[in-house]
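Residue numbers (my numbering), protein chains in the order written: chain H, 1 to 89; chain R, 1 to 668.
Hints may be right or wrong, so weigh each one.
[Stated by the list, open to error] Derived DSS-like pairs: lysine-lysine, alpha-carbon spacing no greater than 27 Å straight-line:
#1 Lys255/R <-> Lys54/H
#2 Lys287/R <-> Lys60/H
#3 Lys9/R <-> Lys659/R
#4 Lys296/R <-> Lys54/H
#5 Lys60/H <-> Lys39/R
#6 Lys158/R <-> Lys293/R
#7 Lys115/R <-> Lys60/H
#8 Lys54/H <-> Lys659/R
#9 Lys241/R <-> Lys107/R
#10 Lys158/R <-> Lys115/R
#11 Lys560/R <-> Lys39/R
#12 Lys316/R <-> Lys54/H
#13 Lys293/R <-> Lys659/R
#14 Lys394/R <-> Lys60/H
#15 Lys57/R <-> Lys394/R
#16 Lys39/R <-> Lys293/R
#17 Lys60/H <-> Lys293/R
#18 Lys293/R <-> Lys654/R
#19 Lys349/R <-> Lys60/H
#20 Lys9/R <-> Lys654/R
#21 Lys189/R <-> Lys349/R
#22 Lys658/R <-> Lys54/H
#23 Lys54/H <-> Lys158/R
#24 Lys287/R <-> Lys659/R
#25 Lys60/H <-> Lys195/R
#26 Lys296/R <-> Lys241/R
[Stated by the list, open to error] Derived list of chain H stretches under chain R, where covered just means 3 residues or more per stretch with a C-beta under 8 Å from a C-beta of chain R:
#27 15-26
#28 35-49
It is worth saying that the hints were derived from the structure and are not from the lab. From the three backbone atoms N, C-alpha and C, an ideal C-beta is built for every residue, glycine too.
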Amino acid sequence: LDTQKSRRKKMVDITVGTGLVAIGAALAVGIGALGAGLAMSGIGPAAVGAMAEKEELFGKGLLLTVIPESLVIFGLVVGILILGIATGG
Amino acid sequence: MLRPQEMYKLTIFGPKTYMKRVIEELYSMNVVHIEDYSKQTEEEVFEIGEPYEENEKYAELLVNIRSLVSNLNIEMAGYVEPRDTSVEAIMQKTEPLFSQVTSLIRKRDYYTKIKDFYVSGSVKRSLNSMKLTFEEDVDYPNMIHYIGFINGDAGELKSEVDKLAANNVFKTGNFEGVRTIALFVEPGKKDKIEKILEDYEFSPADNPVVKDHYLDLKSKPGHKFVKLNHELEVAEKKIAKVESELAKIKQDNSKFLVEAEKKVRMEVEKAEAPLKLGTTKNTFMLKGWVAVKNSKKLKVNVEQITKGKVLIRFDKPAKGEQVPVAYNHPKVVKSFEPLLELYTRPNYKEIDPTFFMFLTFPIFFGFMLGDVGYGLITMAIFLTVKKKVPAASKMMNAFVLASISTIIFGMVYGEYFGLEYFPENMGEQVYAALPEGLRQSFNMVAYEHHGHMNYPFPHFFHRGVYLGDLLSISIIIGITHILIGLIIGFININRNHGFLHALYEKGGWLMIMPMMIFILSGPLPIITGTIKEMLQATILQLPIAAIAGLFVLGAILVVKGEGVTGVIEVMFFSLMSNILSYARLMAVGLASLSLAVVVNDLAGGMFALGLVGIIPGVLILVAGHTINIALGILSPFLHSIRLHYVEFFGKFYKGGGKKYTTFGYSEE
């Protein structure tokens, strides 16, 4: 736990390398989010359409809509891994 | 608790003379789910029963009562006792009430339309609907005329006028659902004619000519006699009068109507019950389901009222039969039923996962939101909704539990509206006042940061700092959750299809799990720190060869059990993506924390400006935290429910159970 606290202090002096790593992590999350958004933009309307026909489908519609969400989470995990590599964790 | 209520298949068979009594008894007991009888083959002797004779009469009465309730805007919420009188008595009271209200409503509609004609300026057009032509042989100048609208039947009016004054001209038309008339009669019978017209609510059309030239006339002598919009005012007054009469009727009768509705509804339900039964000329047969715990009482009661002349039989449900599912939970767990219902009701054969949702849903919610302040506010919101919307009250109980868990996690994280530290001077005093040992045990250690001293609130774990640990905990929660899901799946399949199937379909995945844990804490460093050490001391003690062996064996079992889907799932590491999905427990919480911290920093900056900054500072605080709380309810809810529906239920849950609806009075 102590290493993490000191790591936080170390982050203050930023080099070009650290910046690039940060951009890499941001890209991982950002592009993941774009992908999830693209996928959801197709599923969402279809789910709402189905729900308009049959209200009981709310649960299933919600479920199908949130499935691509995992893409962002994976992006986030990769982002954290990248940051971890950069700070030697 | 983990299984739905155990059911017996029920058959009641007896002479038709007892049918009514049996139906009456079953209705009042309200414990039997009746299966609608349908004729499968031509050979079957039973026909679908006929409803009681009085059904039609009762059904009509029910329609009338409901139309009264809706016309008078009576609220039907809340529990009421059914009216304690016979249906006949209700009928006698309802009939005059119904005709009275109907005529009042018609009157109101009539005057409302006339009012609209004046407001929209379509009076002149409305008179065109009559296509007036003036016959040459009629002495119009010497006749009095009535031009306007009536509420009623024009034919009847004409015959009444004809009786009084045969020498008349009567024209009629229809404009937007209102009857228009033009009546010319000789002046002799003026009074009597006007009396008849009054019965028909005659409303003369404001003379459009007067209206068009009103301003010119106003400047002439005698303008006081020219009244603009007189008829509009009359119409408005009439509407107000009808409204007040309706209000009085509502006040006098709303209790009666609500009670009567309930009584008649019950009678109609009973009268229609034979439609669900099979009958022959002299016998009837009822098939359905009853919970085992109620079966004994049912048998005793029915035998008593029929003096044992009726056959009652209970059977265990046969394999593959669709048994209706009634939940079987203590009260706290019950509040999570709507969350399950949102997805699908469990079927009769499988483990009912409501109890697991009761355990994990609040934990996930609290883990993500985790803030004492937000917990208190969301709890207040949920309690208010619970009070205001009785329909949602059950679900709100679940959310209140989630709020309590939010508060507890808030204490663990030491977060209060996103604040984690005492203000500097206050912190110094508080820290000085507390004994060292106490401070140590709540991690209250002051440290310097950018030239300031930070005095953290009591906490066990600052999630904004220890990201790696937060992620590790999230993943471990995920692994545990999925393991529970797999084990439930194993039990379900073992019970319904045997041990081998369970081993192929779920056992395989259980064997793959150690490999996932190995990857996550080694090559893919997601699990770190203390959690990693704990794993290394236990499951990772296994030699790598054993883990790999288990993995290969598991993969083979899965492929054997699930076929092509299994191949794809193993190849793409579906279990890994399930586990990583729990990283959202960390991510959603951090997002909410970061937003709160940003809001506080912005507001703090404003406050630092002195007096000028106070108002914008407070505004930022209120708006920012309101938005964050709204998001803080929505997104932990959605993510928590998703983890249950996708990752957890995906491992075992089939659902599709039929709802157990008892024959008897229900509040819905």
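Given hint Lys293/R paired with Lys158/R - CA-CA distance at most 27 Å: At roughly 71 Å apart (the allowed maximum being 27 Å), Lys293/R and Lys158/R break the hint.
Take a quick look at whether Lys560/R and Lys39/R sit within 27 Å of each other, Cα to Cα. Violated - the C-alpha atoms of Lys39/R and Lys560/R are around 43 Å apart, more than 27 Å.
Lys316/R paired with Lys54/H [C-alpha distance capped at 27 Å]: Violated, at roughly 34 Å.
Is Lys9/R within 27 Å of Lys659/R, Cα to Cα? 15 Å, holds
Between Lys296/R and Lys54/H, is the straight-line Cα distance small enough, at 27 Å or below? 39 Å, violated
Just to be careful, I want the Cα atoms of Lys158/R and Lys115/R compared with a cutoff of 27 Å; is the pair within it? 25 Å, holds
Is the Cα-Cα distance between Lys115/R and Lys60/H 27 Å or less? Roughly 50 Å separates the two Cα atoms, so the pair is violated.
Is Lys60/H within 27 Å of Lys195/R, Cα to Cα? 67 Å, violated
Is the straight-line distance between the alpha-carbon of Lys287/R and that of Lys659/R 27 Å or less? Holds: Lys287/R and Lys659/R sit about 16 Å apart, inside 27 Å.
With a cut-off of 8 Å between beta carbons, are at least three residues of the segment 35-49 of chain H near chain R? With 0 residues in contact (Cβ-Cβ under 8 Å with chain R), the coverage given for the segment 35-49 of chain H is violated.
CA of Lys293/R to CA of Lys659/R, is that 27 Å or under? 18 Å, holds
Verify the proposed pairing of Lys60/H with Lys39/R, using a straight-line Cα cut of 27 Å. Status violated; Cα separation ~34 Å.
Taken one by one, the earlier hints fail for this structure at numbers 1, 2, 4, 5, 6, 7, 11, 12, 15, 16, 17, 21, 23, 25, 26, 27, 28, listed in ascending order.
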